[in-house]
Amino acid sequence: MKQPDRLKKRSQFLRVARKGHKVVSPGLIGQVLPGQGDMAVRAGFTVTKKVGNSVVRNRTRRRLREALRLVVKEEGCPSSGDLVLIGRAATRKRPFPLLKNDVRKVLQALERGAE
0 MKQPDRLKKR SQFLRVARKG HKVVSPGLIG QVLPGQGDMA VRAGFTVTKK VGNSVVRNRT
60 RRRLREALRL VVKEEGCPSS GDLVLIGRAA TRKRPFPLLK NDVRKVLQAL ERGAE
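Under numbering that gives the first Met the number 0, the letters of the sequence shown match residues 0 to 114, in that order.
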């Protein structure tokens, strides 16, 4: 299963924040913006400085990336759209199966918005 492309530029993140909608769960905050047409799914990951120092933030971001990778591998990728996964303080201590469920919830919101 093909992994989502990445959102890398600040303007892309801001567009999703401005035009998309939020999905809040205990392990993360997801922002989703359904796509139109043949646009591929793109994913971005961010963690604020409130979560911790750079080591903690990078570990949190890696957990989010891996959770998304595994969920897409197991269940497939939505048809189109952008999603941003925002790490919270609870993300780094949340049990991994629960974190994967949080990511599933965000992907389901993206799929519902694309319909």
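No wet-lab data here; the hints were simulated from the structure. One should not assume that every hint holds.
As the list claims (entries may be wrong) - When the alpha-carbon atoms are kept at most 27 angstroms apart in a straight line, the in silico BS3-like pairs for lysine-lysine are as follows: (1) K49 to K72; (2) K49 to K8; (3) K49 to K1; (4) K92 to K49; (5) K18 to K92; (6) K1 to K48.
Hints and how they fare:
Between K49 and K72 the alpha-carbon distance is near 31 angstroms, which puts this suggested pair outside the 27 angstroms criterion. Between the alpha carbons of K49 and K8 the distance comes to roughly 21 angstroms, so the proposed pair stays at or under 27 angstroms and holds. Taking the CA atoms of K49 and K1, the gap is about 33 angstroms. The hint is violated against a cut of 27 angstroms. Between K92 and K49, the direct Cα distance comes to roughly 15 angstroms. Compliance with the 27 angstroms bound is thereby established for this hinted pair.
A threshold of 27 angstroms between alpha carbons decides the hint, and for K18 with K92 the separation of about 30 angstroms lies outside it, so the pair is violated. Our distance criterion of 27 angstroms between C-alpha atoms is broken by K1 and K48, whose separation comes to about 31 angstroms.
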